[in-house]
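Assemble the whole structure, with the sequences as input and the hints as a guide.
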Amino acid sequence: MAVNAIDVTDLTIAYKDKPVLWDVDMEVPSGTLMAIVGPNGAGKTTMIKSILGLIKPAAGQVLVYGKPYAEQRHLVGYVPQRGSVDWDFPTSVLDVVMMGRYGALGWLKRPGASERAAALDALDKVGMKSFAERQISQLSGGQQQRVFLARALVQDAQLYFMDEPFQGVDATTERAIVTLLQELRSAGKTVVVVHHDLQTVPEYFDWVTMLNVRRIACGPVSEVFTDNNLRKAYGGKVAFLSADDTVKNGKH
Amino acid sequence: MDISQLFYDLFFDYTLRTVALGSAILGIVSGALGSFAVLRKQSLLGDAISHAALPGIVIAFLLTRSREPAVLMLGALIAGWLATLFMLNVIRTTRIKDDSALGLVLSVFFGMGLMLLTFTQKLPDATQAGLDKFLFGQAATLLQSDVITMAVIGALAITLLITFWKEFKLITFDPEYAASLGYPVRFLDVLLTTLLVIAIVIGLQTVGVVLMSAMIVAPAAAARQWTDKLKNMIFLGGLFGALAGVSGTLISGSMEKLPTGPVIVLCMSVIVLFSMLFATNRGLVWNWFRNLQNRRQLRAQAVLADLNTLAMQHPNQERGHSSAVLRAMSTNPEGVSLALSQLKEQGFAQELGKDAWALTQAGLDEASKNEEKEA
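The listed protein sequences correspond, in order, to chains A and B.
Counting from 1, position 134 in the first sequence corresponds to residue 134 in my numbering; the numbering is continuous, with no gaps.
Start counting at 1 in the second sequence, then tack on 252, and there's your number in my numbering.
Honestly, the hints are just simulated from the structure, not real lab data.
Values in this document were obtained by computation on a predicted structure and should not be read as measured data.
Pairs of lysine-lysine residues, derived as DSBU-like cross-links and limited to a Cα-Cα distance of at most 30 Å, are as follows:
1. B:625 x A:129
2. A:237 x A:18
3. B:418 x A:109
4. A:49 x A:16
5. B:606 x B:596
6. A:49 x B:349
7. B:293 x A:16
8. B:418 x A:129
9. B:481 x A:125
10. B:625 x B:596
11. B:481 x B:418
12. A:109 x B:483
13. A:49 x A:18
14. B:481 x A:109
15. B:483 x A:129
16. A:109 x B:293
17. A:125 x B:483
18. A:109 x A:125
19. B:293 x B:418
20. A:49 x B:293
21. B:606 x B:621
22. A:232 x A:16
23. A:56 x A:67
24. B:481 x A:129
25. B:349 x A:18
26. A:56 x A:18
27. A:56 x B:349
28. B:385 x B:509
29. B:374 x B:509
30. A:232 x A:18
31. A:56 x B:418
32. B:483 x B:418
Printed below as a string of structure tokens:
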């Protein structure tokens, strides 16, 4: 039985007495494309940040391919939210993508020709090769997202985390990114995406974790992405519209 | 005092040479490290640290009764770091936000410093004389030994900056991503802040506590105007700082009773003003000119299109049209004659007779090219 990409047990994180994640279990088999969904404040971003070791949990355990994250860093690529960075920073697209190779370079070595080539290759995969020398302040939202994705791709990881990659991104870019993610999945990699658009979950993803401070559900989309679970996750703040002539609200 | 004498003295007059060298070192180090501080949104932190250094200097004197620059600098360093830690703790444990915490620490520490300074000045000990010069700097009293100390510490700071360049670049741009790669972000943050504190401390003797923040922020602001590459920005920051330092020294040295520190800061301000106005690509004047050029080009293109339309509408394409017709077609009638002369210069239009304008073959080609671009 293949080892799970991610095994989370009893994860609990609190922020000044307020629980953000409570007793959460999550299993992600390798080779899946998984969405994490839930209402605002449900702990989705906190979840992936705690797996990445960026936030210390109050309780719980996280294993990546069977071992603690600290030992598996080289297997993991992270694509943070676009808004977490000041895009006015004086640097070029290529420079940002090369940052993905810093981890492999270690402390004193400078990025050289092979890092440059790897970065150009990754930019090519996301369709941004011609933007290599562009200033990052001149990029649109979709282009920024693709640069971040290229930076993670250049790490040549097995497990990728993406935080709300489709927020404020045009439809063409979204489709291009999803295709890329599905290619990664076909290559045996695991991709975990914090996703905000419930509509597209069945179309894009094969696994889903539904969170609202507690784990509501975690499993294949076909089994677990039900109206019932959605209602539990969103606490009644979700409307179900079926494609009939009459539009029903919350009924099934 | 004439210029040639001034430059001669720069090399051969002990005092002028020493002060100029010290100011140049100050400029390079504070310009380079200040650029990083500005990119990390820590400009005001530099201000707080330099103001907080005052009690450190006074207490160091009170404890050792020595006015050795090294001793006082150590006091400044410790006080600067204490202020930073205090600020971070206030932000973390109370509801007070960054800017308030900064203002709080700045005023409290500075106030304490002034109080201690006044107390010290009342002491019967004559060695305390001159401590108040740390408020605005006492560059004229720099000794060669002081400059050597500044040079050594400054060289160390720059070396560390170069050694950890890519790490510093990464934690400034995306500290979370850096953490995910496994970098000890906390350690790097502390290191870079320490370098900033060092840069501030070595400058205090020259420009003083009150004005030091200008030497941290202004070189970065000026440098940013000229480049979009981090490497160049840091380099230019150091260069501008050195330029301000040396020119400030020369100017104040050539005139009586002008204090060096404030003059250096004024020179820095001139550099910033110049950069804001005239820098390529970002300068205000530059952009004004570029906008003017763009508008003229657009108007010319519009008149070109109008002439093309007229040519298409008439069976005789060679016929000339008066500028009055073009003015009637244009949304900007006053600009038509200028546009016509511009088109004539570019070879796109020609005057067939008095006030009879038509497109040349080149003009017709250009017009159809523009039409394709619009499609």
